[in-house]
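The listed protein sequences derive, respectively, from chains F and B.
At position 266 of the first sequence (counting the first as 1) the number is 266 in my numbering, and the numbers step up by one without a gap.
My numbering runs 1000 ahead of the 1-based position in the second sequence.
Because the hints were derived from the structure by calculation, they are not lab data.
A hint or two may mislead.
Claimed, not checked - The calculated label-pair distances, taken between Cβ atoms and stated as ranges, are:
id : chain 1 : residue 1 : chain 2 : residue 2 : range
1  : F       : Val321    : B       : Gln1194   : 43 to 51 angstroms
2  : F       : Ile249    : B       : Gly1014   : 37 to 45 angstroms
3  : B       : Gly1108   : F       : Gly87     : 40 to 48 angstroms
4  : F       : Tyr287    : B       : Gly1176   : 54 to 62 angstroms
5  : F       : Leu142    : B       : Gly1108   : 39 to 47 angstroms
6  : B       : Ala1027   : F       : Pro14     : 37 to 45 angstroms
7  : F       : Leu314    : B       : His1107   : 58 to 66 angstroms
8  : B       : Gln1012   : F       : Asp141    : 36 to 44 angstroms
9  : B       : Glu1138   : F       : His165    : 32 to 40 angstroms
What the hints assert, rightly or not - Cut-off 30 angstroms, straight-line C-alpha distance, at most; resulting in silico cross-link-like pairs (BS3-like, lysine-lysine):
id : chain 1 : residue 1 : chain 2 : residue 2
10 : B       : Lys1005   : B       : Lys1059
11 : B       : Lys1017   : B       : Lys1059
12 : B       : Lys1059   : F       : Lys116
13 : F       : Lys116    : B       : Lys1017
14 : F       : Lys115    : B       : Lys1059
Glycine included, every Cβ here is placed at the ideal spot set by N, Cα and C.
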Amino acid sequence: MTRETVSGSHRKPPVAAFLSLLGVFAVLPLALRGLDISLTLGTEVLIIALFAMSYNILLGTTGLASFGHAAFFGSGAYAVAIAQQYGLGGAAIDLVLAFLAGLVAALLVGLLVMKKRGIYFGLLTLAFGQMFYIVALRWDDLTGGETGLTGLKRPAPFGLDLNDHITFYYFVLAIFMVAVWVIWRITHSPFGSVLAAIKSNEVRTQYLGYHTARYKLGAIVVSGAFSGLAGGLYAWFQYAAYPQNLFWIESGNIVILTLLGGGLSSFFGPILGAAVFVGAQDLISSYTEHWMFFFGLIFILVVTAFPNGLPEALARLLSLVRRPTRTTDASTAAVRAAPNRGTTP
Amino acid sequence: MSGLKTENLSVQFGAVKPVDDVSVEIAAGRLTSIIGPNGAGKTSFFNLLTGLYQPTRGKVFFDGQDVTHMPVHQKVRSGLTRTFQILNVFDTLTVAENIRAAVQRRHGRSAYMFCAPDRHGPVEDEVDAIIERVRLKEKRNIRANDLSHGHRRHLEIGLSLATEPRTLLLDEPMSGLGMYESSVMGEFVRELAQDLTVVLVEHHMSVVLSISDTILVLSQGRLLASGTPAEIQANPQVQAAYLGTGRYDLPQEGAGHA
């Protein structure tokens, strides 16, 4: 996984990183087949990874911990399902609706929380997130109540049969790559650098003349819109929209897997977090129904030892393996340190 | 002009009144220093002027306009900004990124989401000019975190300059600096005062006396005296206030004043 600081602006897009990302996910179906694991697991990883990347616009880039992000994800899922109830559908329409649903939901919540920081921000997003869940649970006529909206049909863009596992996987991968690229672009834009400034020091940012609440609202809305998009894909994935998609546990999961992936310091980290989370859920739950207990244990161990999550843990592990010759160790350390030290001529 | 004025400015936290009924005028285009023994209310007064605190009573005027309840970002946009005693820069960003964050707003580019931040000529020219002005050219691409304390002080002033202030409030820019660095900073502040209204809170008495046009003395939250450095040095009340605390020596001669 490519290590890169979230806040740093870079002159060139990391083409190599994007190509390796595409490469890994392009061959993943072969690996899964070799391991006799269903490809739906890979598709789920992609969708949750997109959700995590969206979430990290707030957590990693802006430094705001939202505990109600499932509301935006779920809004996207319900938008697709509800539209279909009214005979509205098609791949493009579904995706646009999901994106807009996440955007509008985030705008509503954002307007109420944009002036808050820290724990108040977190608790308010949690509370507002739960309100979305309650609405989905109670508004039977629109949302199907407790059972949700089932029997959803996947669209057939360009005559593709998305009910086919492999076709669906690659279709989701295409959307995922485009969305992640757009998120990269936004994170490394002038707007993104204001978000990085807010993360570093919000009061100081105000003394640069920024109405920081507006930029926080912007970050929430962008993050919510892409979360909604991920939710829309998830509705296709599960042929349904369920109230659980909006539930606070879902919001908690996304925080956990983003931190596990090192989202605070690594742009691509949340993808790794999503892969490990979804993979572990599948693997551990085939042995025990208390999978969350064991996953929680992994999470606590990794995050207490390595605040920057799995990428940091892997880097340490690699450096242990490479230990044998001290000279190479020292030289790689020097190379690694060089960019930080800057250019003293 | 870009002067500041306060009317009966007071702030109260519980039973404590760090600033008590202070009415002063800070003339435009000059270097005004605020001094006083520890706990005199200098920093609180400063925080009231710049909107970090809301006053319990009284008003603040900037350019003749009542800015008492103006939000911080609007004060900055109208040309009033500050630095902080406890260093306040964007630690995780490089020097250039720090300055750019401030510059790009004035170019109306901060809402742009689909381009790189560092490829816009006019912004980059200005970023480079400010970096040069605060003498950090060699440190352009170094993270603020990795700078020396003195360089971070320079960077913080650069951040404030990047907002194009007409009035700049400096909160102890020499704290934590050595003798030599302090005198360099002193010269630098004097230089800034050629184009800007500068308000300075500072403990380094010899520097304050040598560079200020006007000095305001606060004691126990109240305005004790105001005048030129020479007048302030000769003021027996001021001497008493300082001697009373035993913390500072007020130099008797016009130390280093040209």
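Status of the hints after comparison with the structure:
no.	hint	verdict
1	Val321(F) <-> Gln1194(B): 43 to 51 angstroms	violated (60 angstroms)
2	Ile249(F) <-> Gly1014(B): 37 to 45 angstroms	holds (43 angstroms)
3	Gly1108(B) <-> Gly87(F): 40 to 48 angstroms	holds (44 angstroms)
4	Tyr287(F) <-> Gly1176(B): 54 to 62 angstroms	holds (57 angstroms)
5	Leu142(F) <-> Gly1108(B): 39 to 47 angstroms	holds (42 angstroms)
6	Ala1027(B) <-> Pro14(F): 37 to 45 angstroms	violated (53 angstroms)
7	Leu314(F) <-> His1107(B): 58 to 66 angstroms	violated (41 angstroms)
8	Gln1012(B) <-> Asp141(F): 36 to 44 angstroms	violated (56 angstroms)
9	Glu1138(B) <-> His165(F): 32 to 40 angstroms	violated (57 angstroms)
10	Lys1005(B) <-> Lys1059(B)	holds (8 angstroms)
11	Lys1017(B) <-> Lys1059(B)	holds (16 angstroms)
12	Lys1059(B) <-> Lys116(F)	holds (27 angstroms)
13	Lys116(F) <-> Lys1017(B)	holds (28 angstroms)
14	Lys115(F) <-> Lys1059(B)	holds (25 angstroms)
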